[in-house]
Amino acid sequence: MCIVCKIQPAHGRYEFCSKACARAAPKSPASRFAQPRTTQSSAGFLRVQNTGIGDDYYGIVDDYYGNDDGNRDGDDDDDFGGGFRQRRRAASDLVVARRPQLCLNCGVFPKISHYDFCSRTCKSQAQAKLSGQPSQLQPLSNQFTGSGFILPTFTGATTGPSSSSGLTMPLANLYGVPPPPYAAASGPPTGPPCSIPGCTRRGPTTTEKYCSLTCSKAAVTQGLATACLLCKELPKVGHFHWCGPACRQKAEAGAPMLLELPSSDPKFADIVNQFTVTWSPLKAPIPTIHKIYKCINTKTAEDSFQQYRQKVETARQFQVAGSGKTAGNENRRWHGTIRKCTIGDSSTQLSPCFSPACFVCCIIKTGFNIKYAAQGWYGTGLYCSSHSSTSNGYTKGPAPGSPYRAMFLNRVIVGKEHVWGKTNGKDAAARALVAPPDGCDSVASDPKHNEIIVYRNDAMVASWLILYS
6 MCIVCKIQPA
16 HGRYEFCSKA
26 CARAAPKSPA
36 SRFAQPRTTQ
46 SSAGFLRVQN
56 TGIGDDYYGI
66 VDDYYGNDDG
76 NRDGDDDDDF
86 GGGFRQRRRA
96 ASDLVVARRP
106 QLCLNCGVFP
116 KISHYDFCSR
126 TCKSQAQAKL
136 SGQPSQLQPL
146 SNQFTGSGFI
156 LPTFTGATTG
166 PSSSSGLTMP
176 LANLYGVPPP
186 PYAAASGPPT
196 GPPCSIPGCT
206 RRGPTTTEKY
216 CSLTCSKAAV
226 TQGLATACLL
236 CKELPKVGHF
246 HWCGPACRQK
256 AEAGAPMLLE
266 LPSSDPKFAD
276 IVNQFTVTWS
286 PLKAPIPTIH
296 KIYKCINTKT
306 AEDSFQQYRQ
316 KVETARQFQV
326 AGSGKTAGNE
336 NRRWHGTIRK
346 CTIGDSSTQL
356 SPCFSPACFV
366 CCIIKTGFNI
376 KYAAQGWYGT
386 GLYCSSHSST
396 SNGYTKGPAP
406 GSPYRAMFLN
416 RVIVGKEHVW
426 GKTNGKDAAA
436 RALVAPPDGC
446 DSVASDPKHN
456 EIIVYRNDAM
466 VASWLILYS
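Oh and the sequence shown: position 208 is 213 in the numbering used here, straight run, nothing missing.
These are computed hints drawn from the structure, not numbers from a lab. Treat the hints with care, since some could be wrong.
What the hints assert, rightly or not - The calculated lysine-lysine pairs, modelled on BS3-like cross-linking and capped at a C-alpha distance of 30 Å, are:
#: 1; residue 1: K330; residue 2: K316
#: 2; residue 1: K370; residue 2: K316
#: 3; residue 1: K316; residue 2: K288
#: 4; residue 1: K214; residue 2: K288
#: 5; residue 1: K345; residue 2: K296
#: 6; residue 1: K401; residue 2: K370
#: 7; residue 1: K214; residue 2: K255
#: 8; residue 1: K241; residue 2: K345
#: 9; residue 1: K401; residue 2: K272
#: 10; residue 1: K255; residue 2: K288
#: 11; residue 1: K421; residue 2: K431
#: 12; residue 1: K421; residue 2: K370
#: 13; residue 1: K330; residue 2: K345
#: 14; residue 1: K134; residue 2: K24
#: 15; residue 1: K272; residue 2: K431
#: 16; residue 1: K214; residue 2: K241
#: 17; residue 1: K376; residue 2: K316
#: 18; residue 1: K421; residue 2: K330
#: 19; residue 1: K288; residue 2: K241
#: 20; residue 1: K288; residue 2: K304
#: 21; residue 1: K401; residue 2: K330
#: 22; residue 1: K272; residue 2: K421
#: 23; residue 1: K427; residue 2: K401
#: 24; residue 1: K431; residue 2: K288
#: 25; residue 1: K272; residue 2: K345
#: 26; residue 1: K11; residue 2: K134
#: 27; residue 1: K241; residue 2: K330
#: 28; residue 1: K431; residue 2: K255
#: 29; residue 1: K134; residue 2: K214
#: 30; residue 1: K272; residue 2: K214
#: 31; residue 1: K421; residue 2: K345
#: 32; residue 1: K376; residue 2: K421
#: 33; residue 1: K345; residue 2: K370
#: 34; residue 1: K345; residue 2: K376
#: 35; residue 1: K255; residue 2: K241
#: 36; residue 1: K316; residue 2: K296
Stated by the list, open to error - Simulated restraints on C-beta separations:
#: 37; residue 1: Q322; residue 2: A440; range: 50 to 56 Å
#: 38; residue 1: S285; residue 2: I343; range: 20 to 26 Å
#: 39; residue 1: F273; residue 2: A437; range: 38 to 44 Å
#: 40; residue 1: D275; residue 2: S129; range: 45 to 51 Å
Glycine residues also receive a C-beta, built at the ideal position from the N, C-alpha and C atoms.
Based on the provided sequences and hints, a complete structural model is requested.
Written as structure tokens, this is what we have:
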């Protein structure tokens with residue numbers, strides 16, 4: 006029953022029978038909207054925050070993705086190590102009212118369903134006031150879902166039109182964009198001018214290069230920013246591979262998987278350079294790299310790797326002042342192995358095969374496993390090399406039906422190495438090794454550390470898959 010006229014039935018989930026009763030509701034003695042509540046809300050109540058983003062709808066994301074940067078080999082790829090942290094600002098100045106929620110443009114009529122406006126007319130008016138950015142006027146339930154977009158924070162955010170019920174709608178907070186032109190600018194964006202040519206707006210914070218989600222996407226399409234490896238729509242954040250925690254978490258949830266690295270990405274050139282400078286031309290001409298894929302390992306494998314790295318760092322203390330080493334003495338090292346399928350030959354062939362003889366796919370699916378390692382000159386362990394030409398010898402040629410060889414670029418916890426020296430396979434003690442000598446974490450084949458052998462599954466994880474010929 007309509008709460009105003011008490012004659013006609015209420016329309017749908019609303020408490021009014023018509024727009025006329027809805028318009029009369031704030032002024033009617035029978036209305037329950039005359040005095041908004043100011044206590045803690047319960048189920049079915051709308052919580053509106055007057056200043057800043059900090060209600061229960063949005064979370065403010067720390068600029069932290071659990072990655073470690075600056076190791077000795079210049080690897081900043083980071084995976085899922087330190088864990089993602091998210092915090093929410095404390096809510097303040099909360100105003101609570103019962104449903105229905107009022108249109109954010111006119112502030113008179115109720116919103117339609119889960120949209121922000123009462124009609125297309127109000128939506129069009131709000132769109133015009135926001136300089137024609139329709140993507141910012143989508144329903145709140147759809148606006149940022151899965152986009153990885155980090156909502157900006159406003160201090161002293163301006164508010165939109167007030168309804169006669171006394172509610173003040175914080176448009177800047179709800180949209181995550183600068184306040185519309187008609188609002189009193191008590192808290193303007195503090196960031197630099199938007200980096201998109203021709204855009205005159207400013208970024209919402211001092212660290213934002215773009216004024217909105219629309220301009221962020223435009224930066225990728227115009228080649229002004231490097232795209233996130235997962236969504237491929239929004240720019241990466243800093244030197245990380247993702248546009249934000251949403252894409253990072255999606256990638257982790259989909260592991261194990263491969264994500265293609267575009268040749269335009271600066272990381273592509275970095276890996277090609279390491280491959281080239283560590284190749285010995287005396288063994289063979291320098292090959293050409295055709296494809297590079299980011300290896301997304303399972304959370305179990307990544308967590309084990311991070312825990313072992315921390316254990317080694319705690320025992321060895323590599324990160325002392327002036328040491329120049331990373332935690333656990335982590336390094337990037339090559340590992341060549343056998344590929345029996347055509348995984349990676351094209352961007353549509355990224356699913357691992359089920360052949361136990363295809364070691365590339367086995368490593369992608371389950372990580373490195375000493376149980377399947379053959380006995381080498383330095384015992385049964387996981388072998389990797391600082392020289393791409395050395396690891397090339399273990400690939401055994403291209404896969405059947407493919408023109409490419411495959412090699413992994415890995416993250417390896419070297420720790421404290423024991424330099425054994427060249428044995429040419431004639432040292433029985435070396436061939437019998439199943440663990441490094443006491444007090445060490447790995448074995449080096451020579452003083453230049455051409456080959457490193459580790460004896461734990463959690464001491465090495467695949468970071469990149471390289472296809473070359």
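Results of checking the hints against the structure:
no. : hint                     : result
1   : K330 to K316             : 15 Å, holds
2   : K370 to K316             : 25 Å, holds
3   : K316 to K288             : 38 Å, violated
4   : K214 to K288             : 47 Å, violated
5   : K345 to K296             : 17 Å, holds
6   : K401 to K370             : 21 Å, holds
7   : K214 to K255             : 24 Å, holds
8   : K241 to K345             : 34 Å, violated
9   : K401 to K272             : 27 Å, holds
10  : K255 to K288             : 42 Å, violated
11  : K421 to K431             : 24 Å, holds
12  : K421 to K370             : 29 Å, holds
13  : K330 to K345             : 37 Å, violated
14  : K134 to K24              : 24 Å, holds
15  : K272 to K431             : 41 Å, violated
16  : K214 to K241             : 12 Å, holds
17  : K376 to K316             : 23 Å, holds
18  : K421 to K330             : 11 Å, holds
19  : K288 to K241             : 38 Å, violated
20  : K288 to K304             : 38 Å, violated
21  : K401 to K330             : 34 Å, violated
22  : K272 to K421             : 28 Å, holds
23  : K427 to K401             : 23 Å, holds
24  : K431 to K288             : 23 Å, holds
25  : K272 to K345             : 27 Å, holds
26  : K11 to K134              : 37 Å, violated
27  : K241 to K330             : 26 Å, holds
28  : K431 to K255             : 49 Å, violated
29  : K134 to K214             : 23 Å, holds
30  : K272 to K214             : 21 Å, holds
31  : K421 to K345             : 35 Å, violated
32  : K376 to K421             : 23 Å, holds
33  : K345 to K370             : 15 Å, holds
34  : K345 to K376             : 20 Å, holds
35  : K255 to K241             : 15 Å, holds
36  : K316 to K296             : 35 Å, violated
37  : Q322 to A440: 50 to 56 Å : 22 Å, violated
38  : S285 to I343: 20 to 26 Å : 22 Å, holds
39  : F273 to A437: 38 to 44 Å : 42 Å, holds
40  : D275 to S129: 45 to 51 Å : 48 Å, holds
Hints 3, 4, 8, 10, 13, 15, 19, 20, 21, 26, 28, 31, 36 and 37 from the earlier list are contradicted by this structure; the remaining hints agree with it.
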